[in-house]
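Asks: Read off the chains here:
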Amino acid sequence: MMTLLLTVLLGFIGAQYFVGNDDKYEKAAVAVGLGVGFFSILVSINLLLVPLNIFMINFLLLFLIITFGLMHVFNKNKGMKHHKDKFYLKDPVAFRYLKYFLFILFIIFVFIILSWPVHAWDALTLHDFRAKYFLDTNSLSELGDLNFFDKNRESYYFSYPLLTTNINLLSYVAGIDNPKIFYFVFVISFLYLFYKFLLRYRVDKSVALLIVILTFTYPALYGILRIAYSNSIYIYYFIGAFIFLMYWIDKRLHENLYLSALFLAFAIQTRFTEPLFIAIFVVLIASLYLTRKDYLKTFIYSLIATASYVFWPYVHSFLKLSFPNKKLSYIQNILLGIERFSFKRAIEVIVFFTKSLFVSFGFLFMLLLLTFLVHYYYLKKKKISLQSLYFPAMIISIILIFFVGTYLLSFSFDRWNKIPKSLQRAALPLVPLTLSYSGILIFSDKWNK
Amino acid sequence: MKIKISKRSKRWLGSLGRFFPCAWVLVLLFLIVELFIYPGVFSINSFVPIIGLFLLGFIFYLFPATRIGKLEKLFIQITKRFTVVLFLITLLSYFYFTYAESINYPNYVFTYFHLHFRHLLYINVASAVYLVFSSREVAKSSIGSYKDHVRKIENVAIVRREFALLILFIPLLLVGYRNIVETTPKLIEEAILTYQYFGKSYDEKMRARWGEFYDYMLLIKENTPEDAVVYHPPQVKPWEFEGNQVLLRYFLYPRALVSGSIAASDYEGPEITHILIVWGRRSPGIEGLEFGWPKEEVEASRIVIMGEDYQGPHVYIPGDDVFKEKRGLIEL
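As they're listed, the protein sequences go chains A and B. Remember, the working numbering sits 57 above the position in the first sequence when you count from 1. Remember, the working numbering sits 90 above the position in the second sequence when you count from 1.
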């Protein structure tokens, strides 16, 4: 329980430094991600060097609390003020009904999520198993030998970084039998950060709440949010990183940039198979190009994200694991893909993409295309500012990353076109991005000239 | 820039709005008929695009009707009251049928009531949308008076901006519609299942999710020591579950596991103490596969069969009817 308390305290002190005093709920939503993220990093480093030692983890958590506390004392963050909404559909009655509707949804959701133990496939066999294994053996290196007598599964326990596993570990260390309570907290925190982001972009609160409900009830996203998978944690961190990056681009408060960097690093520690952080880099580079300032801060940001990206493959080399390093084989795949470039394969990938991603997105994809068209029309008429380009840049970058990634994967993985559900799950960050992009374009004057 | 609209055109635009309730009633009638035949019957067989009617109704809605006669007023009142009743009936029926289906068997509702009960949600949501948009509050706050509207049409700049926004509003509405009709059944059915298992033990809940496979894992745990070395089938059809070493390890850790994908001649690990007996899972597209694992005759010190008190000889013979369609364990 001490570990959990220290993790929560670290999260709050960190959130106080990064977010300031503007909104206590937003601070809580950020605290969740910060506390768990730092806990995970400490556990991962611990496991790399010595057997798991909870006393040492607690000590390091305390050290970080004092550090952030001192940073806050010397640099009080007043936070960002909430802008007055530009009301478009001004209706307090609608807001009240939407609030009740969302409240009922959450009651049912929490009832479902907390009543069942961890039971979904990878949530059980990878994340929950690793957490229980670490608690039992305190070891990471021996985990690699478990699948010695099944060559098809040799690298399974090292296929994902440890953040999701460490959430389960934190739960068990704290004496909580069902780790899903933490996933629920992450879901609520993500939805609140998303809601706050829409408000700051001058979307009417009824409309913002409606967009949050549309995001939460999106069938594929809802399916993921209710099980203890890494996708729900990843969406929190990845979208959180984008949100705080947009705040920094808007207000240039360096706390927002560093918080975004941390969230991106934690997102990579949750899932690193899909390098979606490249899309965030695209936005960063676009910002550099448009503003021509803050080069050093941008460099530090990229450094933090890159360090996180190379950490997990480094674990493989450091532990001298007997099976091949999949990350190195990705680099070989890229070279192979370039060497063997084939139009026929590219078309096959486009067909697979269209069927498994765009068709499954359905009306959401139609909304996205029409939003691009309307946005282009407004830009041509010079009705909106260039600041609005970050959203389409992000979305198009993500789609391109998936397309190129699928193309490269097709040369080394025979069943590349038999796993559409994996692609749909990995592409779920596009749901809140598309809805917020359309919502801000329709219902806000933030980008108007 | 202004565009001139003739009096006749203004009258024509003003009369469009009277078709809004007609379009909606048509949509609801088609949906109700589909409830009893099958969802999608009109779009597949007669190319009647219900979604198209839905959108057409919404476009009519944007032009509030002027000079509504007494008969038309009566018609609108009747449609609203009918829709309120329909909304309540479909909501209550949906909950009732979902519960009935969960406590009986799949397709129970269709067997006894001859209706596709999940389609009730489409009718319910469509009714709710009609009631919301035909309410006075929404009409006043979002559309404004007829004169305002005509003034807007005469200003091309405003028409272009609002037309662009309308283009986005319709797919946003469709996204919401799809979200509600696809997610709500999952939410409600899951909530009912959760209620049925509320307060039950961990084993009962896992059994609800994993079925007989979970009982099989408990059987192996109870009949093997923690230092056992268990030989299991390879992860190919028909043994996708029992051949999945990482899945078995979650339930059987710290027992060592050896996959059947490793040939006996290549195996150099600790001595195997137990072998799983697995027939295999039947699923489409597996005709011609050989069921039954292991594939060789094995002499055992003990054989345990799930759900039976096996008293037969201590030898496992592949293809023997005693082990057909069974799960069990061989202790070497």
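Hints listed in this document are in silico derivations from the structure and should not be mistaken for laboratory results. Everything numeric in this text was worked out from a predicted model, so none of it was measured. Ideal Cβ placement from N, Cα and C applies to all residues, glycine included. Any given hint could turn out to be false.
A few chain A residues facing chain B, derived, Cβ under 8 Å [unchecked claim]:
1) Tyr213
2) Leu271
3) Thr428
4) Leu436
DSS-like, lysine-lysine: derived pairs with alpha carbons at most 25 Å apart [said to hold, decoys possible]:
5) A/Lys438 x A/Lys354
6) A/Lys506 x A/Lys350
7) B/Lys163 x A/Lys475
8) B/Lys290 x B/Lys276
9) A/Lys308 x A/Lys440
10) B/Lys290 x A/Lys478
11) B/Lys327 x A/Lys189
12) B/Lys295 x A/Lys156
13) A/Lys438 x A/Lys262
14) A/Lys506 x A/Lys262
15) B/Lys290 x B/Lys327
16) A/Lys262 x A/Lys440
17) A/Lys189 x B/Lys290
18) A/Lys478 x A/Lys439
19) A/Lys475 x A/Lys412
20) A/Lys439 x A/Lys506
21) A/Lys189 x B/Lys311
22) B/Lys416 x B/Lys311
23) B/Lys295 x B/Lys311
24) A/Lys475 x A/Lys308
25) A/Lys478 x B/Lys276
26) A/Lys81 x A/Lys262
27) A/Lys412 x B/Lys290
28) A/Lys308 x A/Lys350
Asks: Indicate, hint by hint, whether the structure satisfies it.
Replies: Against the structure, the hints:
1. Tyr213: With a minimum Cβ separation of about 5 Å from chain B (threshold 8 Å), the hint on A/Tyr213 holds.
2. Leu271: For A/Leu271, the interface hint holds, since the closest Cβ of chain B sits about 6 Å away, which is under 8 Å.
3. Thr428: 6 Å, holds
4. Leu436: This hint is violated: A/Leu436 lies away from chain B, its Cβ roughly 12 Å from the closest one there, beyond 8 Å.
5. A/Lys438 x A/Lys354: 34 Å, violated
6. A/Lys506 x A/Lys350: 22 Å, holds
7. B/Lys163 x A/Lys475: Judged against 25 Å, a Cα distance of about 57 Å means the pair is violated.
8. B/Lys290 x B/Lys276: It holds: about 21 Å lies between the C-alpha atoms, which stays within 25 Å.
9. A/Lys308 x A/Lys440: 22 Å, holds
10. B/Lys290 x A/Lys478: With Cα atoms ~32 Å apart, B/Lys290 and A/Lys478 exceed 25 Å; violated.
11. B/Lys327 x A/Lys189: 30 Å, violated
12. B/Lys295 x A/Lys156: 32 Å, violated
13. A/Lys438 x A/Lys262: At roughly 28 Å apart (the allowed maximum being 25 Å), A/Lys262 and A/Lys438 break the hint.
14. A/Lys506 x A/Lys262: 22 Å, holds
15. B/Lys290 x B/Lys327: At roughly 33 Å apart (the allowed maximum being 25 Å), B/Lys327 and B/Lys290 break the hint.
16. A/Lys262 x A/Lys440: Holds - the C-alpha atoms of A/Lys440 and A/Lys262 are around 24 Å apart, at most 25 Å.
17. A/Lys189 x B/Lys290: Within the cut-off at roughly 23 Å; holds.
18. A/Lys478 x A/Lys439: 40 Å, violated
19. A/Lys475 x A/Lys412: The hint holds at about 12 Å.
20. A/Lys439 x A/Lys506: At roughly 8 Å apart (the allowed maximum being 25 Å), A/Lys506 and A/Lys439 satisfy the hint.
21. A/Lys189 x B/Lys311: This hinted pair holds, its Cα atoms lying about 17 Å apart.
22. B/Lys416 x B/Lys311: Holds. B/Lys416 to B/Lys311 sits at ~17 Å (cutoff 25 Å).
23. B/Lys295 x B/Lys311: With a Cα-Cα distance of about 18 Å, the restraint between B/Lys295 and B/Lys311 holds, given a limit of 25 Å.
24. A/Lys475 x A/Lys308: Violated, because 45 Å separates the two Cα atoms, which is more than 25 Å.
25. A/Lys478 x B/Lys276: Judged against 25 Å, a Cα distance of about 18 Å means the pair holds.
26. A/Lys81 x A/Lys262: Since the Cα atoms of A/Lys81 and A/Lys262 sit roughly 18 Å apart, the hinted pair holds (cutoff 25 Å).
27. A/Lys412 x B/Lys290: 41 Å, violated
28. A/Lys308 x A/Lys350: With a Cα-Cα distance of about 13 Å, the restraint between A/Lys308 and A/Lys350 holds, given a limit of 25 Å.
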